[in-house]
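**Student:** The chain contents come next:
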Amino acid sequence: MISKTLALTVVNEALATGADYSEIFFEDSHSQTVQIENGKVEVSSSSSRSGVGLRILKGNRCVYGYTNDLSKKGLLDLVCSLRASFDGERAVRVSGFEMIRCRNRNPIRRSYDEVGLEERIALVKEGIDEIRSMNESSIVRTVGAFQSDCRYVELFNSKGKRFRRRTEFGRLFYTVVCADEKGFETSFSGPGCQDDMTYFYTKVNARETARKTAKTGLKMLHAAECPSGKMPVVIGNGWGGVLFHEACGHALEATSVAKNLSCFSGKIGEKIASEIVTAYDDSTIPNAWGSIDIDDEGNPGEKRCLIKNGVLTDYMVDDFNGRRMGRGGNGSCRRQNYRYCPTSRMSNTYIANGKNTPEDIIAATKLGLYAVGFKGGSVDPATGEFNFGCSEAYIIRDGKICEPVKGAMLIGHGDEILKNIDMVGNDLDLGQGMCGSISGSIRTNVGQPTLRVRELTVGGRGGELK
Amino acid sequence: MRFDYFFRRAKECGIEDAELYVTSTTSLSMSLFHGEIDQLSQNTSLSVIARGMVGGKCGSASCDVWDRSKADYLIREILANAAVIENDDPQFLFEGSPRYRRVNTFNAQLSSVSLDEKKNVLLSLEDKIRHYDERITEVEGVSYSERTYSTVIRNSKGLKLSQKGNYFYFYGGAVAKSGEQVKTGGELFLDNDFSKFDLDAFAKVVAENAIAQLGGEACESSTYPAVLSQEVVSSLLSSYIHSADAEEVQKRSSLFINRLNKAVASSKVTVEDRPLDKTVFARAFDDEGVATYNKPIIRNGRLKTYLYNLTTAAKSGTKSTGNASRRGGKIGVAPAFLSMKPGTMTQEDLFRLMGNGVFITEIHGMHAGLNPQSGNFSLQSTGFLVKDGRRDRPLDIITVSGNLMELFKDVTEVGSDLRTFPSSVSCPSVLVRKLKVAGK
Numbered sequence: 001m002i003s004k005t006l007a008l009t010v011v012n013e014a015l016a017t018g019a020d021y022s023e024i025f026f027e028d029s030h031s032q033t034v035q036i037e038n039g040k041v042e043v044s045s046s047s048s049r050s051g052v053g054l055r056i057l058k059g060n061r062c063v064y065g066y067t068n069d070l071s072k073k074g075l076l077d078l079v080c081s082l083r084a085s086f087d088g089e090r091a092v093r094v095s096g097f098e099m100i101r102c103r104n105r106n107p108i109r110r111s112y113d114e115v116g117l118e119e120r121i122a123l124v125k126e127g128i129d130e131i132r133s134m135n136e137s138s139i140v141r142t143v144g145a146f147q148s149d150c151r152y153v154e155l156f157n158s159k160g161k162r163f164r165r166r167t168e169f170g171r172l173f174y175t176v177v178c179a180d181e182k183g184f185e186t187s188f189s190g191p192g193c194q195d196d197m198t199y200f201y202t203k204v205n206a207r208e209t210a211r212k213t214a215k216t217g218l219k220m221l222h223a224a225e226c227p228s229g230k231m232p233v234v235i236g237n238g239w240g241g242v243l244f245h246e247a248c249g250h251a252l253e254a255t256s257v258a259k260n261l262s263c264f265s266g267k268i269g270e271k272i273a274s275e276i277v278t279a280y281d282d283s284t285i286p287n288a289w290g291s292i293d294i295d296d297e298g299n300p301g302e303k304r305c306l307i308k309n310g311v312l313t314d315y316m317v318d319d320f321n322g323r324r325m326g327r328g329g330n331g332s333c334r335r336q337n338y339r340y341c342p343t344s345r346m347s348n349t350y351i352a353n354g355k356n357t358p359e360d361i362i363a364a365t366k367l368g369l370y371a372v373g374f375k376g377g378s379v380d381p382a383t384g385e386f387n388f389g390c391s392e393a394y395i396i397r398d399g400k401i402c403e404p405v406k407g408a409m410l411i412g413h414g415d416e417i418l419k420n421i422d423m424v425g426n427d428l429d430l431g432q433g434m435c436g437s438i439s440g441s442i443r444t445n446v447g448q449p450t451l452r453v454r455e456l457t458v459g460g461r462g463g464e465l466k
Numbered sequence: 001m002r003f004d005y006f007f008r009r010a011k012e013c014g015i016e017d018a019e020l021y022v023t024s025t026t027s028l029s030m031s032l033f034h035g036e037i038d039q040l041s042q043n044t045s046l047s048v049i050a051r052g053m054v055g056g057k058c059g060s061a062s063c064d065v066w067d068r069s070k071a072d073y074l075i076r077e078i079l080a081n082a083a084v085i086e087n088d089d090p091q092f093l094f095e096g097s098p099r100y101r102r103v104n105t106f107n108a109q110l111s112s113v114s115l116d117e118k119k120n121v122l123l124s125l126e127d128k129i130r131h132y133d134e135r136i137t138e139v140e141g142v143s144y145s146e147r148t149y150s151t152v153i154r155n156s157k158g159l160k161l162s163q164k165g166n167y168f169y170f171y172g173g174a175v176a177k178s179g180e181q182v183k184t185g186g187e188l189f190l191d192n193d194f195s196k197f198d199l200d201a202f203a204k205v206v207a208e209n210a211i212a213q214l215g216g217e218a219c220e221s222s223t224y225p226a227v228l229s230q231e232v233v234s235s236l237l238s239s240y241i242h243s244a245d246a247e248e249v250q251k252r253s254s255l256f257i258n259r260l261n262k263a264v265a266s267s268k269v270t271v272e273d274r275p276l277d278k279t280v281f282a283r284a285f286d287d288e289g290v291a292t293y294n295k296p297i298i299r300n301g302r303l304k305t306y307l308y309n310l311t312t313a314a315k316s317g318t319k320s321t322g323n324a325s326r327r328g329g330k331i332g333v334a335p336a337f338l339s340m341k342p343g344t345m346t347q348e349d350l351f352r353l354m355g356n357g358v359f360i361t362e363i364h365g366m367h368a369g370l371n372p373q374s375g376n377f378s379l380q381s382t383g384f385l386v387k388d389g390r391r392d393r394p395l396d397i398i399t400v401s402g403n404l405m406e407l408f409k410d411v412t413e414v415g416s417d418l419r420t421f422p423s424s425v426s427c428p429s430v431l432v433r434k435l436k437v438a439g440k
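If you're matching them up, the sequences are chains A and B in order. Just so you know, we're using my numbering here: the first sequence kicks off at 1 and counts up by one. Just so you know, we're using my numbering here: the second sequence kicks off at 1 and counts up by one.
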């Protein structure tokens with residue numbers, strides 16, 4: 001913990017050489033992971049992180065430093081080292097801090113600190129036992145894990161604001177490796193929440209999750225290789241939202257937009273997607289994996305409409321990058337932990353429901369790919385080129401879902417793909433993942449309803465689609 | 001730092017043997033945008049990873065602050081974690097190897113380069129990239145990062161090891177535009193000898209990497225012979241050698257099961273783990289404190305060894321190869337420095353030999369498009385057509401697909417153009433017989 005008095009000293013010392021903003025971000029977090037392989041607990045480990053990040057801004061310049069030395073000397077040494085980057089006169093002095101009060105949208109009833117290792121192990125083993133009960137000789141390896149994360153942060157800044165918050169996360173993982181004489185297939189599931197164990201007893205069923213993971217692996221083991229080329233692609237709901245995350249999401253972060261390094265820079269008010277596309281980045285969904293009630297610089301989390309009926313309406317913006325854009329942050333400032341300088345990032349990003357049903361969309365597709373499971377992807381925000389890999393897919397013929405195929409990689413340009421969405425379903429769902437960028441790895445939800453892209457380039461080892 | 005309280009309390013609390021793996025780091029990073037340093041970061045940090053043996057089971061915990069309360073936290077968590085371990089694999093805290101080779105990964109000269117000098121290099125770099133060609137519309141960013149670290153392993157069996165090192169890297173990224181088409185290109189230089197950085201050559205590579213891709217379009221979807229750049233080979237090789245991880249073999253999820261002394265690549269391919277070479281990646285001991293040594297993994301296409309830590313070695317009745325690698329709360333396996341033996345042909349020679357095909361310069365989406373167990377991959381790629389033995393037009397929005405074992409068995413020639421990458425891989429370009437490309 002940092003005392004108010006020490007924080008005031010540090011924040012003011014940081015402003016001594018002419019900076020216009022300073023903040024001190026204290027974090028004290030801990031996590032725990034148990035991992036079970038082939039029925040036995042193989043790993044149980046705990047981790048504690050405690051430190052301070054100090055950020056000083058002047059105009060469009062930012063200096064950042066972190067330390068684990070939380071003594072007055074340690075912090076003042078850091079301040080002196082960082083403020084030496086500026087050589088002006090003091091322009092701001094802070095006299096005190098006002099606590100930012102914000103309704104906790106992500107309440108936890110029972111802290112993970114009260115959940116013993118035995119309870120976590122029992123939960124994971126429910127799924128492991130379910131996979132074992134399938135008696136499938138092709139399943140050669142089963143890994144289950146449970147990870148919890150408890151994060152306490154406190155921020156003091158030169159706007160005279162202070163906040164503190166505690167957030168807790170839990171995530172259940174299953175990885176199944178299937179093998180036959182021809183090779184291997186791996187399948188994975190990782191439902192998570194910003195909620196307590198109730199989530200895993202009521203909203204997620206460990207047995208069903210594990211069984212579904214195993215069945216996907218077995219199906220893909222025997223699946224043909226995905227054909228390659230340009231084709232219509234129906235992208236399933238939930239984790240299919242990695243499409244929007246990679247194709248569009250990163251390029252709408254002020255991190256690249258502010259410097260005109262995004263393909264969507266300067267395009268507010270322009271049509272960048274099909275008119276049936278409306279998309280949000282919503283930090284306010286209660287207890288959702290990516291939700292934040294206050295962001296890492298003290299701005300309240302918001303529901304941001306990024307695209308409305310195909311027209312670009314907003315970006316994800318933090319205060320610092322907002323300076324280049326002539327606007328303030330909109331609650332999008334995030335960082336992995338105190339070791340990272342924060343910047344604008346996504347939270348829960350999704351395409352909103354449309355008018356079609358998933359069945360309509362499949363029935364309307366004569367020949368194409370139906371991608372249901374995904375592994376993640378990457379993007380170059382400047383060019384808009386993106387990719388994402390499929391873990392489960394099927395060929396559609398004459399409006400019917402046919403044979404499973406594996407190894408599909410979908411690529412394209414973000415701006416083109418958004419314009420080529422020609423059907424949007426009504427079965428919105430969200431999927432949990434970790435997103436990596438310059439402020440580290442953070443929790444985000446991706447999401448969408450089932451939708452169809454008129455044409456996408458599909459990479460695969462299976463030759464031409466016939 | 002003093003550790004005696006931790007070891008004394010651990011013993012008092014019933015931990016039979018205990019170990020601390022401590023890394024202290026100072027780092028600096030700065031980036032320049034439009035002539036101004038817009039981001040500067042200076043940091044000190046600590047990482048303490050503790051393990052303890054209780055009744056033959058190993059519990060672990062970590063923290064990043066060192067004081068008595070954290071030592072107590074580590075001990076408490078080790079006891080709780082060890083109590084739930086059910087796996088019967090033998091666990092070890094190592095007493096030490098008879099001999100360690102000396103490695104030098106610390107260059108004291110680096111600290112004599114002033115901050116201003118580093119800033120001036122960034123200023124010049126941005127200027128040179130921006131003015132290299134009229135098609136360069138923006139410098140995405142130029143940055144400098146530097147890290148100095150000190151690693152210490154101590155345990156109650158008498159192990160006392162330490163290693164100190166430093167390195168820096170420059171990164172440059174450029175945006176090129178022609179008509180409506182926008183392309184980016186980047187380059188990274190890593191070393192710990194500042195005098196080796198050639199600013200002009202680096203700026204040229206950054207700019208050329210962006211410009212060269214302009215005018216690209218997809219090729220016809222087909223199977224082509226292909227030259228793979230060093231960067232592409234380094235990424236694929238890192239994934240392929242994952243199959244040599246003895247844990248993957250023992251858990252029956254490796255391509256290399258039952259393949260010792262059998263062909264896993266063409267006879268042109270020799271890959272070694274060389275932790276004692278004079279590079280910034282050199283290390284005298286692995287993450288368990290076992291002395292490292294240079295070893296062939298693949299020689300003339302044949303698999304010569306799996307890579308072991310102490311646990312996997314004991315399970316196989318052999319010795320550790322000095323490849324223990326910490327991953328979270330677990331000791332896994334990883335090579336220290338992968339080195340593919342070069343051939344005698346330049347990259348242009350490879351193009352001439354190939355005649356007509358593709359030259360793949362970059363691959364993206366490795367975490368999503370490559371399955372390390374099966375070796376199957378489908379990856380977004382960048383590259384060029386090769387016509388009549390010469391590099392031709394750029395390729396845009398293509399994927400390459402295949403299987404790692406088939407690919408490395410299809411290597412027909414290995415280039416002489418070695419490059420070393422921050423992923424601790426050194427390799428040349430290679431020519432492969434065939435590669436599936438999806439485009440039009």
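Calculated from the structure, these hints are not laboratory results. Please read all numbers here as calculations on a predicted model, not as lab measurements. Some hints could be false.
[To be verified] One side only, chain B facing chain A, incomplete, derived with CB under 10 Å:
(1) Thr44
(2) Ile49
(3) Trp66
(4) Lys70
(5) Tyr73
(6) Asn81
(7) Ser112
(8) Val113
(9) Leu199
(10) Ser253
(11) Leu260
(12) Gly328
(13) Lys330
(14) Asn376
(15) Phe377
(16) Leu379
[What the hints assert, rightly or not] To list a few chain B residues with every Cβ distance to chain A over 10 Å, as calculated:
(17) Asp277
(18) Gly301
(19) Ser325
(20) Asp392
(21) Phe421
Positions of the beta carbon are idealized from the N, C-alpha and C atoms, including for glycine.
**Student:** Any CB of chain A closer than 10 Å to the CB of Asn376(B)?
**Tutor:** Because about 5 Å separates Asn376(B) from the closest Cβ in chain A, which is inside the 10 Å limit, the hint holds.
**Student:** Can the hint on Ser112(B) be confirmed by a CB-to-CB distance to chain A that is less than 10 Å?
**Tutor:** Given a least distance of 18 Å, the restraint on Ser112(B) is violated.
**Student:** Given Ile49(B) as an interface hint, is its Cβ closer than 10 Å to any Cβ of chain A?
**Tutor:** holds (9 Å)
**Student:** Is the shortest C-beta separation between Lys70(B) and chain A less than 10 Å?
**Tutor:** holds (7 Å)
**Student:** Does Trp66(B) hold up as a contact with chain A if the rule is Cβ-Cβ below 10 Å?
**Tutor:** Constraint on Trp66(B) satisfied, holds at 8 Å.
**Student:** Would the hint on Tyr73(B) be counted as holding, given a Cβ-Cβ threshold of 10 Å to chain A?
**Tutor:** holds (6 Å)
**Student:** Could you check if Leu379(B) really has its C-beta closer than 10 Å to a C-beta on chain A?
**Tutor:** holds (6 Å)
**Student:** Identify whether the interface hint at Gly328(B) stands, where standing means a beta carbon of chain A within less than 10 Å of its own.
**Tutor:** holds (6 Å)
**Student:** Closest CB-CB distance from Asp392(B) to chain A, is it above 10 Å?
**Tutor:** Non-interface label on Asp392(B) holds, nearest chain A Cβ at 21 Å vs cutoff 10 Å.
**Student:** Tell me if the interface restraint on Phe377(B) is satisfied: Cβ within less than 10 Å of some Cβ in chain A.
**Tutor:** OK, holds: Phe377(B) within 10 Å of chain A, min 8 Å.
**Student:** So, Lys330(B) near chain A? Judge it on the closest CB pair being under 10 Å.
**Tutor:** At about 5 Å, which falls below the 10 Å cut-off, the nearest Cβ of chain A leaves the hint on Lys330(B) intact, so it holds.
**Student:** Hey, does the Leu199(B) contact hint survive, CB to chain A under 10 Å?
**Tutor:** Result: violated, 23 Å to nearest chain A Cβ.
Hints 7, 8, 9, 11 from the earlier list are contradicted by this structure; the remaining hints agree with it.
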